[in-house]
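Visitor: One letter stands for each residue in the lines below.
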Amino acid sequence: MNKLTINNLDLFYGENHALKDISLNIPNRKVTALIGPSGCGKSTLLRTLNRMNDLVENVKITGDVHFDGEDIYQQSDVKALRKRVGMVFQKANPFPMSIFENVAFGLKAQGVKSTEEIKAVVEESLRSAALWDEVKDRLDSDAFGLSGGQQQRLCIARAIAMEPEVILMDEPTSALDPIATHKIEELMDELRKKFTIVIVTHSMNQAKRIADKTAFFWMGELVEHGETDQIFNNPIDTRTQGYVSGEFG
Amino acid sequence: MLNRTQQDKVLLGAIWASASITILFLLWVMWHILSNGLSHVSWEFITGAYTRIGEASGIWAMIVSTVYMVGLSLSIAAPIGIMTAIYLTEYAKPGSKIVKVIRFCTESLAGIPSIVYGLFGMTFFVTTLGLGFSILAGSLTLSMLILPVIIRTTEEALMAVPISYREGGYALGATKIYTIWRLILPSAMPGIITSIILSIGRVIGESAPVFLTAGMVTQIPESVLESGRTLTVHLYKLTQELFTQSEWDQAYATATILIVLVLALNLATKIITNRYNKVSH
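First to last, the sequence lines map onto chains A and B.
As numbered in our numbering, residues 1 to 249 make up the first sequence, in order.
As numbered in our numbering, residues 250 to 530 make up the second sequence, in order.
Derived by calculation from the structure, the hints in this document are not laboratory data.
The C-beta atom is built at its ideal place from N, Cα and C for all residues, glycine as well.
One should not assume that every hint holds.
[As the list claims (entries may be wrong)] Per label pair, the in silico range of CB-to-CB distance:
#1 A/D177 x B/S267: 43 to 49 Å
#2 B/S291 x A/D137: 52 to 58 Å
#3 B/Y336 x A/K60: 25 to 31 Å
#4 A/N8 x B/N523: 50 to 56 Å
#5 B/E356 x A/V59: 30 to 36 Å
#6 A/N16 x B/Y336: 27 to 33 Å
[Claimed, not checked] Distance condition first, Cα-Cα at most 27 Å in a straight line; then the derived DSSO-like pairs of lysine-lysine:
#7 B/K425 x A/K119
#8 A/K108 x B/K425
#9 A/K20 x A/K208
#10 A/K20 x A/K30
Put together the whole structure using the sequences plus the hints.
Guide: This is the structure we're talking about:
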């Protein structure tokens with residue numbers, strides 16, 4: 001079953017044709033990796049899925065993106081969409097507040113008042129993000145006191161707290177050391193049981209390790225997509241072959 | 250002709266000399282005021298009443314008027330200034346016409362000599378609006394004066410808040426207004442507080458626009474519609490009639506109080522900015 005269906009999507013930044021006629025299905029409760037060289041449009045595509053591109057000036061989008069059968073660009077309630085489609089950014093962006101308040105931020109923004117409910121969700125989210133044991137004794141301390149990997153897991157917990165159905169991850173480990181990266185990858189393996197994950201990554205090894213499906217982008221085009229095994233072992237297109245074998249990119 | 254090393258030495262000497270002169274000037278002025286004034290500052294001087302004829306020379310009424318003036322000016326200018334800055338950084342399209350107009354207005358406002366504000370305040374607030382020489386008329390005039398400072402510094406504080414906070418807030422489905430209120434403003438708060446402290450210094454420091462709009466009555470104002478004399482205006486008045494030693498002493502003592510106030514404000518700004526730099530790495 002497909003959680004997200006992208007049909008004939010074109011995206012322009014002013015004159016720049018950043019995404020060209022993209023059609024792609026994102027299967028439910030699977031990890032889909034978007035790979036390709038810098039500037040190929042993979043992050044841009046990720047940001048169309050929760051309409052973060054709406055924040056950028058002069059963006060024009062044609063085509064459609066269906067989320068559980070509903071066209072997200074026809075909906076007017078962007079906030080409701082972003083609640084269902086969470087996002088984790090390239091550089092961990094904890095807010096300048098306590099660990100607890102970071103995870104509670106989205107709930108409070110939705111108007112949740114009950115302290116009990118917030119506490120319960122914060123604990124559950126931190127547990128799901130494999131961070132609870134490390135921070136349970138210092139929930140009130142500043143989130144900036146955490147290590148880079150912990151900060152990124154905090155951001156994942158913050159996204160999980162909204163009980164999204166999809167989590168978008170924009171190169172979530174590119175600023176982390178191998179050990180912190182390993183922890184996040186382990187976590188993603190857990191998360192795929194409950195969430196649909198779309199991850200942009202520069203690391204082909206990461207895509208091989210964690211992704212069920214992989215899509216390869218090249219200069220704004222979706223060149224090839226399919227099972228991760230097939231993309232890396234039997235690519236059809238010569239450009240995919242060149243990229244996954246490390247010849248360029 | 251000087252060779253390379255000699256040129257360097259001359260330049261270095263000039264730099265050192267300039268830096269030393271700056272520091273020496275500050276120390277000299279402070280020493281001059283404090284050495285002449287500090288011995289005349291007493292509890293009675295600070296809390297006592299003042300009479301024109303000279304039997305009492307306390308400045309309590311002026312301190313109260315100054316506090317009123319600061320409080321009222323800020324409660325008018327701070328909300329307007331902060332909200333304008335929020336509009337400019339968070340809502341207006343960057344580089345749009347309205348932004349340019351507002352920026353031109355604030356920059357022009359900042360460049361107008363303060364006595365001109367005084368004249369405007371006297372004709373408009375005091376006479377046309379019929380507020381009379383009053384704390385309110387003075388505060389309205391001073392709020393126009395400090396508005397550009399508050400807008401500019403708040404804008405800078407808001408722009409220094411990383412984009413990633415805004416993205417993070419929106420990505421959680423938070424509304425724009427919630428993100429600004431709960432995330433952006435708190436992050437910018439140290440910068441905003443600094444801008445408010447700078448404005449307090451400005452309000453305390455002005456004299457001409459104040460006595461043109463708030464008058465110089467040396468009694469504790471009972472409401473904001475009464476006239477009052479701020480410390481700086483008081484010092485100005487004292488320096489107009491320096492005949493006896495005791496009048497000189499009063500002037501220096503008042504100047505001492507002002508200097509201590511301004512130093513305390515600067516120190517507060519420093520502490521807040523330091524803490525800010527620590528938090529935001």
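Visitor: Hint by hint, note whether the structure agrees.
Guide: Hint check results:
1. A/D177 x B/S267: 43 to 49 Å: The hinted range 43 to 49 Å holds for A/D177 and B/S267, with Cβ atoms some 47 Å apart.
2. B/S291 x A/D137: 52 to 58 Å: 54 Å, holds
3. B/Y336 x A/K60: 25 to 31 Å: Roughly 26 Å apart at Cβ, these two residues keep to the hinted range, so it holds.
4. A/N8 x B/N523: 50 to 56 Å: 55 Å, holds
5. B/E356 x A/V59: 30 to 36 Å: 32 Å, holds
6. A/N16 x B/Y336: 27 to 33 Å: At 30 Å between Cβs, range holds.
7. B/K425 x A/K119: 25 Å, holds
8. A/K108 x B/K425: Within the cut-off at roughly 14 Å; holds.
9. A/K20 x A/K208: Answer holds: A/K20 to A/K208 is near 25 Å, not above 27 Å.
10. A/K20 x A/K30: 25 Å, holds
The structure is consistent with each of the numbered hints, conforming to all of them.
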